[in-house]
Every structure is written in C-alpha cells, then in structure tokens.
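**Q** These are the residues of each chain, in order.
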Amino acid sequence: GDSVTQMEGPVTLSEEAFLTINCTYTATGYPSLFWYVQYPGEGLQLLLKATKADDKGSNKGFEATYRKETTSFHLEKGSVQVSDSAVYFCALSEGGGSEKLVFGKGTKLTVNP
Amino acid sequence: GAGVSQSPSNKVTEKGKDVELRCDPISGHTALYWYRQSLGQGLEFLIYFQGNSAPDKSGLPSDRFSAERTGGSVSTLTIQRTQQEDSAVYLCASSKRSYEQYFGPGTRLTVT
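Just so you know, the protein sequences line up as chains A and B, in that order.
For the first sequence, the positions run 17 to 129 when my numbering is used.
For the second sequence, the positions run 1398 to 1509 when my numbering is used.
Keep in mind the hints are simulated off the structure, nothing from the lab.
Be aware that one or more of the hints could be misleading.
Okay, derived cross-link-like pairs now, DSSO-like style, lysine-lysine, Cα gap no bigger than 30 Å in a straight line [said to hold, decoys possible]: (1) A:Lys121 / A:Lys72; (2) A:Lys121 / B:Lys1493; (3) A:Lys84 / A:Lys121; (4) B:Lys1493 / B:Lys1454; (5) B:Lys1408 / A:Lys72; (6) B:Lys1493 / A:Lys72; (7) B:Lys1454 / A:Lys84.
All values derive from a computational prediction rather than experimental measurement.
If we strip away everything but chain B, and leave its shape as in the complex, we get (with noise of 0.2 Å):
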C-alpha cells in the first residue's frame, strides 16, 4: 500500500523567504507527526497531531514555525521569514495511536 509521502522532496528558498511544507499520511493513520533531522541538532520532534489537533507542540522551535492538519488527513508545516538555521530535512510520520510510526522520505530544505 501507499506509505507517507511529502512534497516538496528538495526545496531551496532564500532568507526571509515563507516555505510550506506538506504530508500526506497513510490513509487511516490518526496520528501525525513532524521531525526535523540537521547535522548539528540529530534528529527533533517538532509537533504532534491525533486527528486534527496537535497536543503536543513542545518541539517547535519558534512561532516562525507553524502547522496544521485538515480533515484528519494532509498536514502542512509552515515556516515563516526562514533563517538559515532551518536548512535541515522535515520528516513526517503517521501512525495508529500508539503503534509503529511509518516516515516518508523527508523534505530537504535549503535556505540560501
């Protein structure tokens, strides 16, 4: 069946510059979440979604970083005025409550 996919695969934006993000998580999955893997920092949580409501925003960065699920399905992770500091590849996962979490194969961000 179809895993998580995310678009874009590869983005470069320039500073200053707003990029969305977007997941399209396995159908049926309750549960999403957002990660970000850098060279510097590994792999971080950024924000968890059951349904559409995300209890869990504790990994966010900065209120530059925003997301939202619609219809318990499609999320999309927004950055705002982006810094270089956020070059990094956004993973995103999905999972039955507290079962295996499935991830996609990243979005590669680029800030120029």
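Chain A on its own, in the form it takes in the complex (with noise of 0.2 Å):
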C-alpha cells in the first residue's frame, strides 16, 4: 500500500539556519502531496501541497517540489525562525474516490533563539 517515510528527527536549529527535512513516498499512482505542521497546542494545518510532477509548493518562506524520479518531497527553508518550532507531517493522498491522507511519522523541530 500508500506509505511515506520521513526524517523523524527530533531536529534541532539555530535561528536563522537553513532546514530541510526529508521525505519519500510509495504509491501505485500519481498522488498529490502535502506538508502539514503542528504547532504547540493547536490543530494540523496545511502548509504546502504539489499535485504533479515537478509542482513546486510553497508557504511562509517553506518550499518543497515534487519530484516523481527519486519520489521525493523534501521540505526545505533558507532561514528559519523560532515561530518554525512544530511538528512536520509529510503526506500523501492517491485521490480516485477517497481523498485520504497517508502520514509520514512526522519531525519535530526546534528552532533555538
């Protein structure tokens, strides 16, 4: 079936550092892809999502691209922020009748000031 592997981490950063966090995925077909981020105390959020190949998502200075040849939808930031500390789910959703989304483990991190 559906699966997606990501970094668990925990990651720990110094303000201002670049981030990237990885992501891979197994699917049957074409999926859409998704970063959704936890923060401290609230609900899942979407952050950034692709839908084909080479679909570059981005939010709030985050970026990931969709890449179909090595299945891979790494999150990256050039400078993150304190405000950046939350958990990072990697996701993936086949469509064709259910929309439901497949998580990855998620990765915490921490952005020290």
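Both chains come to you apart, so use the hints to assemble them.
**A** Below, the structure is given as structure tokens:
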C-alpha cells in the first residue's frame, strides 16, 4: 500500500539556519503531496502542497518540489525562525474516490534563538 | 468563519465502556474524515464520508469502531468496549471534495 517515510528527528536548529526535512513516498499511482504542520497546542494545518510532478509548493518561506524520479518531496526553508518550532508531517493522497491522507511519522523541529 | 469543532476535547473512560466522539465540520464541506494520532502509530486514517455515505472504511481497526454521519453534517465516531490501545487523539477533518482538508483540534481519549 501507499506509504510515506520522513526523517524522524527531533531536529534542533539555531535561528536563521537552513532547514531540510526529507520525505519519500511509495504509491501505486500519481498522488498529490502535502506538508502539514502542527504548532504546539494547535491543530494540524496545511503548510503547502503539490499535485503533479515538478510542481513546487511554497508558503511562509517553506518550499518543497514534487520529484517523481526520486519519489521525494523534501521540505526546505532558507532561514528558520523560533516561531517555526513545530511538528511537520509529510503526507500523500491518491484520490480516486477517497481523498484520505497517508502521513509520515512526523518530524519535531525546535528552533533556538 | 467557524472551523471544524470536536467534542469532547478530553475523554477519560474505563476499559470496556463505550464512547462517542463528535465532529462538526465546516458548513458546506461534503467530505469528512476521521484520523487517529497515537505515539506508536503516528497519524492513521480511519474512515471517509462523502455526504452521508462512507465509501472508504478501510482504516477502522476493528468491528468495535463505527461511525455515522447525518444530514451531511455532524459525524459521530463510536468505540465499543474500549481497550487501552484505543487511547489516542482522534482527529476529524472536513473538505470540499478534492480540496484542502481542515482539521479540528481533536479529542484526546484515555482508556484506564
């Protein structure tokens, strides 16, 4: 079945450091790919998405590119802030009648001032 | 506007009891999803509703779990004869079909 593998962390960075969180997937078709974020004490919210190969999703300075050849969707940010501290989840959706999300295990990011 | 709401926010129950968890989706969202978030298993899909029907129930872990949706709106997830392994945060999400899923704050279930 479909699956998502992401680096589990935790990841600790200093403010203004470069962030990469790796995510790879296994799917039978051509899924849509997502990054969700869960800030402390808050619910899951969509950070960015890409629906087809070579698409780049971006939001709040974060970017991820849908790479079909490497089945990857790595999350990057050039300069993290303390407010980026959260748990990040990579996810996919195959569609085809059920838009259910299949999630990775999550990566906890802590950014220190 | 109002987001997805879930109740109760916390539920502590004794092993063997039945529990009902409620989800109020965003008005106009035809799709509704239940997920479970636990330390050991991460985020798992449970069931998907389109309107009042459930075309995908593949994530329900056992026949102790059931869900219904009425009037294309409110949904209830019922767990019968709860077990300790049912302890988790149960998340509900809603969406317009094929669009972004909006998540509620979750219900934290603790089975003692």
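**Q** Hint by hint, which ones does the structure fall short of?
**A** Number 5 - this is the single hint that the structure violates.
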